[in-house]
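Whenever a hint applies, use it, and build me the whole structure from the sequences.
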Amino acid sequence: MNKTIKVGISDLNIARSPDVLVTFALGSCVGICLYDQTTKIAGLSHIMLPTSEQGKNDRPYCYADKALEILVQRMVAAGASRRRLTAKIAGGARMFSNFKGGNLSNIGQRNVAAVKAELGRLGIPIIADDTGKDYGRTVYFNAENGQMLVKSANRGEWVF
Amino acid sequence: MALQSYDDMNDLHMDALREIGNIGSGNAASALADMLATPVNISVPAVRIMEFTEVIEALGGPEEMIVGILLNLEGDIEGMIMFLLHQNFANELLKNLLGVDDALGEMGEMGYSALQEIGNIMAASYVNAIAAMTGLNINISVPSLSVDMLGAILSVPAIYYANISDKMIFIEDEFSNETLTAPNHEPCLMIPDVISLKKIMTNLGLEA
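Quick note, the sequences are listed as chains A and B, same order. Numbering-wise, the numbering used here comes out as the position in the first sequence, counting from 1, plus 28. Letter 171 of the second sequence, counting from 1, is numbered 156 in the numbering used here, and no numbers are missing.
You can trust all of the hints, since none of them are fake.
Below, simulated BS3-like cross-link-like pairs (lysine-lysine); rule was C-alpha separation at most 25 Å, straight line:
id : chain 1 : residue 1 : chain 2 : residue 2
1  : B       : K152      : A       : K34
2  : A       : K144      : A       : K179
3  : A       : K144      : A       : K94
4  : B       : K152      : A       : K94
5  : B       : K184      : B       : K152
6  : A       : K144      : A       : K161
Just so you know, these hints were derived from the structure itself, not from any lab.
In structure tokens:
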């Protein structure tokens, strides 16, 4: 029997085959799925903001530039190899297309850019990318095979 | 004690918010009645300070389908106001207004425009209540609409305020009349930043 492990907003977790990680209703947030094919260890992070510079530092899982390093450490501690990790990312939508909210209007895009920069810094290749556009996404990440299933409310679903 | 976060709100502050909620909801009910050309009743709204995660649970979970109408507050007050309509209530409103079943599904842009207009009128109802009580000058932006999962829609204000607060003012209205039969506890989220909240309270004589 496999378990489904929920990852909340500004949260992260890891799973081993055959368990599945899930995070619900990503809007402008980004879900990052990391996977080690050999040990079948999976990690999922749900970040809300690009960088922790101006913000409070008490919730590192909230920020792209903090959370991913922590997720990698957790996976390595569980037996994954840092150099085998690959990434699949989803989310970063612009939910309200004509909304003018200062620097909020492109926050999804900024989140995606920060995630890509951080993955680059960590040397983790991005092998699937379903980001941007204007709708919400629920992401299931299967530790058995590293598949990322993206479900939208009314646009369909896709496997990466 | 100075008002520095949503956590510092005392009973007097909450009473003031309830009064804003009462007047705003009353204005909103009469605006809706005008649009629908039929009387609309409204219960005394429940006004609460809630965290984003609590709002998501209260409204049926992150994947619940919802119509979100978002407006920016500008002028003396900075923040957002967001209306959340359950899909079936939105459809009933449109049916009354435009005479079409499943208007959200079938009408696309026209249904969306009608709902944006409803959001505009409702937002003005609440904003006028605050302006009248406080003498503050508040403008609202053009409404923006999204029909999607609740969690995804709420991520927008949640992100915007992540570095400030994870709380917001939750005003739950119950609208009813003869033709609206769907569940109709429709929340309005008011999310002024803390400085604006303090301005409101100061102008009401509740803060130094």
